[in-house]
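There are 2 protein chains.
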Amino acid sequence: MVAPFRFEHLHTDPTGARRGRFHTPHGSVETPIFMPVGTAATVKAMTTGELTTIGAQIILANTYHLFLRPGHGLIKKMGGVHRFMNWDGPLLTDSGGYQVFSLGDLRTLSEEGAAFRSNIDGSKQFLSPEIAIEIQEALGADIIMQLDECPPHPATREYLARSLEMSLRWGKRCKEARHKEPDGKALFGIMQGGMDESLRRLSAAGLVDEGYDGYAMGGLSVGEPKEMMAEVLSYAPNLLPADKPRYLMGVGRPEDLVMAVQAGVDMFDCVMPTRNARNGQLFTRRGAFNIKRHENRESDQPVDPHCGCDTCRHYSRAYLRHLFINKEILGHRLMTQHNLAFYLDLMNNMRQAIQKDQFGPFQRSFYQAQAGEGSGAWGWRQD
Amino acid sequence: MVAPFRFEHLHTDPTGARRGRFHTPHGSVETPIFMPVGTAATVKAMTTGELTTIGAQIILANTYHLFLRPGHGLIKKMGGVHRFMNWDGPLLTDSGGYQVFSLGDLRTLSEEGAAFRSNIDGSKQFLSPEIAIEIQEALGADIIMQLDECPPHPATREYLARSLEMSLRWGKRCKEARHKEPDGKALFGIMQGGMDESLRRLSAAGLVDEGYDGYAMGGLSVGEPKEMMAEVLSYAPNLLPADKPRYLMGVGRPEDLVMAVQAGVDMFDCVMPTRNARNGQLFTRRGAFNIKRHENRESDQPVDPHCGCDTCRHYSRAYLRHLFINKEILGHRLMTQHNLAFYLDLMNNMRQAIQKDQFGPFQRSFYQAQAGEGSGAWGWRQD
Chain A
1 MVAPFRFEHL HTDPTGARRG RFHTPHGSVE TPIFMPVGTA ATVKAMTTGE LTTIGAQIIL
61 ANTYHLFLRP GHGLIKKMGG VHRFMNWDGP LLTDSGGYQV FSLGDLRTLS EEGAAFRSNI
121 DGSKQFLSPE IAIEIQEALG ADIIMQLDEC PPHPATREYL ARSLEMSLRW GKRCKEARHK
181 EPDGKALFGI MQGGMDESLR RLSAAGLVDE GYDGYAMGGL SVGEPKEMMA EVLSYAPNLL
241 PADKPRYLMG VGRPEDLVMA VQAGVDMFDC VMPTRNARNG QLFTRRGAFN IKRHENRESD
301 QPVDPHCGCD TCRHYSRAYL RHLFINKEIL GHRLMTQHNL AFYLDLMNNM RQAIQKDQFG
361 PFQRSFYQAQ AGEGSGAWGW RQD
Chain B
384 MVAPFRFEHL HTDPTGARRG RFHTPHGSVE TPIFMPVGTA ATVKAMTTGE LTTIGAQIIL
444 ANTYHLFLRP GHGLIKKMGG VHRFMNWDGP LLTDSGGYQV FSLGDLRTLS EEGAAFRSNI
504 DGSKQFLSPE IAIEIQEALG ADIIMQLDEC PPHPATREYL ARSLEMSLRW GKRCKEARHK
564 EPDGKALFGI MQGGMDESLR RLSAAGLVDE GYDGYAMGGL SVGEPKEMMA EVLSYAPNLL
624 PADKPRYLMG VGRPEDLVMA VQAGVDMFDC VMPTRNARNG QLFTRRGAFN IKRHENRESD
684 QPVDPHCGCD TCRHYSRAYL RHLFINKEIL GHRLMTQHNL AFYLDLMNNM RQAIQKDQFG
744 PFQRSFYQAQ AGEGSGAWGW RQD
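Protein chains in written order, with the working numbering: chain A, 1 to 383; chain B, 384 to 766.
Among the clues, some could well be false.
[Said to hold, decoys possible] Each pair of labels, with its calculated beta carbon distance range: (1) H394(B) with T52(A): 41 to 47 Å; (2) T156(A) with H697(B): 30 to 36 Å; (3) D471(B) with A3(A): 43 to 49 Å; (4) T52(A) with Q738(B): 36 to 42 Å; (5) N662(B) with R169(A): 58 to 64 Å; (6) L103(A) with G487(B): 34 to 40 Å; (7) S758(B) with P182(A): 42 to 48 Å; (8) S411(B) with R293(A): 36 to 42 Å; (9) D471(B) with G71(A): 41 to 47 Å; (10) D504(B) with L103(A): 39 to 45 Å; (11) L103(A) with R676(B): 46 to 52 Å; (12) Q301(A) with M384(B): 53 to 59 Å; (13) S411(B) with L103(A): 39 to 45 Å.
These are computed hints drawn from the structure, not numbers from a lab.
Note that the coordinates shown come from a computational prediction; the quantities given were computed from them, not determined experimentally.
Just so it is clear, CB atoms sit at the ideal spot from N, CA and C, and this is done for glycine as well.
For reference, chain A alone in the conformation it holds in the complex (with noise of 0.2 Å):
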């Protein structure tokens, strides 16, 4: 018998941050979490025990790349995406949606669902609910999220509204296309609505009407200003049960995910700290900055003097600035690794600094030493 998958919500802290934890087959996340992106079954020049000694405890891989290229197939006869990459923790994958509505024109869409052309060889394919949840099961996904529409933005609020319900029942699709036999893992609902609040309270009620393991927000982080943002998310995640988790798709900049914690977030992911390592751009408690900056060309300083990963350790920023410059691996990889370390520290100090009703304090020191003020430290530790 395999235990169900459960979230508990261990503390709330004075500004509304909270603290959960949630269970799933391949083991336990302590949250607020940021998930590392995996797109093809490796999360871009790293190995899965530098993941692990950085403290990821989950990752992401991307449904519509797997799909096509080697195809859930393989990866299924290969053991599925945990043994096929060596990673023996908690998995979520997307529904491949989100790829497929970015590929425009090349995509036509039905209350069936999405029929598309591959970007790698132009063939013809086909995505619904049905066959998300399948490619989902067969790469052995512990988080499977549901097929949905994510509207760009702008759209009318009455493209905003057909699309949501479109999507509400395509998430009672992929429940009744999941395996039968209890397996632990866990269904995800997808909020949307773009930025009108009515239509996100209608798409929440909706989802909440179904139920779900675990909710998301998508629609958010898709080239609305960074105000409308924060106005979303000042209501969005209190429309969601405060008994499950909540997650914000493919966010973001380390200031967004200290906002959207404060506002009741759980679940991030985003390419940003593996995307921006391999152009250059390093994320520290004193803000960012791109290494190829001609000051850094004599710097023998660590890329963040109060990061403990192996790439401040052990590399100065002048070794990092040359590796950049001449195009080589290691630089990808060292700094990557660096800005994942980042990511997952600064989430772990927001764990602890919710556990002790410490949030406000954090967010105050986190935004100063962003700012460049002070030691550059997050001083908010009441040992």
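Add chain B to chain A, keeping to what the hints say.
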């Protein structure tokens, strides 16, 4: 007082293969040895910690590349190549000559040295024996190579004769330019003479007359047929003193290393294991193959079942093929790690075989396994 560079000739097997050990300011090295190439102060795709894990004892860095970018002045300021790249083992640098002479029309040679244009920014540069020493000392090399001319193949006897005489004079100038205080570091002379035995003798005699801490053989693996290299190796190593290390530069394939060790060579370097890994070619006990091959698509087998490297312990050929096809950095990492582990393990096996007077049986076992015969293990051991 720094201990001087020292070579111990420990044992000679009945085949002529040698076991030895040399001592540098950054530690000792057991020979015969393969040196991974860290061109731009990074063994491509690898951390120095991983190099240590797979048994690397000494690595090589390229003077030409580091001279042009980031410059030896910067590296000296950053504490030398060792501190810059976080490597605390022995380091050998080449003289930069080979790369300069490979520039073809971009360089002009004179008795004084080589004027050339940087392949990076077209700037005018100059390399002389004195400058080659200055750069290598700034880089902090434990083993410094003399500047020599590496003639192309084929070349006329007259050209080869004139060239090797100049290389002898350049070697003398390198020796004179060396740091005067004892620093425990070695200066190696380089034998030239193309495929001509009398010229090789002339070159060796000149070098031995001058006296170096070790001797390299240059001008091989420059496009000549395999049999020609074998012929030169049948006499060239033994033109050099038995009590100094012998280094065959830029060689080679696994079978070349086995042949050359039997001929009495102690040291090797080559980009083949690292570069070929990035092209998908993997070395195994049963010969080399390319990971792209269709038969690897659904293979849950490791690259080499007799290999104990992380890649072979944790990842299938199917996964490596998937990473390679998706141009994932992790693919380059894992395949580089395996190829280097294979080379280093091959050298380790050769050292053990020599020590036990079993190099003959080892060779037979090696060639059989490379031909795909037998279990694929090197079944020479007489434990």
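Comparing the hints with the structure gives:
no. : hint                             : verdict
1   : H394(B) with T52(A): 41 to 47 Å  : holds (43 Å)
2   : T156(A) with H697(B): 30 to 36 Å : violated (50 Å)
3   : D471(B) with A3(A): 43 to 49 Å   : holds (48 Å)
4   : T52(A) with Q738(B): 36 to 42 Å  : holds (39 Å)
5   : N662(B) with R169(A): 58 to 64 Å : violated (49 Å)
6   : L103(A) with G487(B): 34 to 40 Å : violated (47 Å)
7   : S758(B) with P182(A): 42 to 48 Å : holds (45 Å)
8   : S411(B) with R293(A): 36 to 42 Å : holds (41 Å)
9   : D471(B) with G71(A): 41 to 47 Å  : holds (45 Å)
10  : D504(B) with L103(A): 39 to 45 Å : holds (41 Å)
11  : L103(A) with R676(B): 46 to 52 Å : violated (31 Å)
12  : Q301(A) with M384(B): 53 to 59 Å : violated (34 Å)
13  : S411(B) with L103(A): 39 to 45 Å : violated (59 Å)
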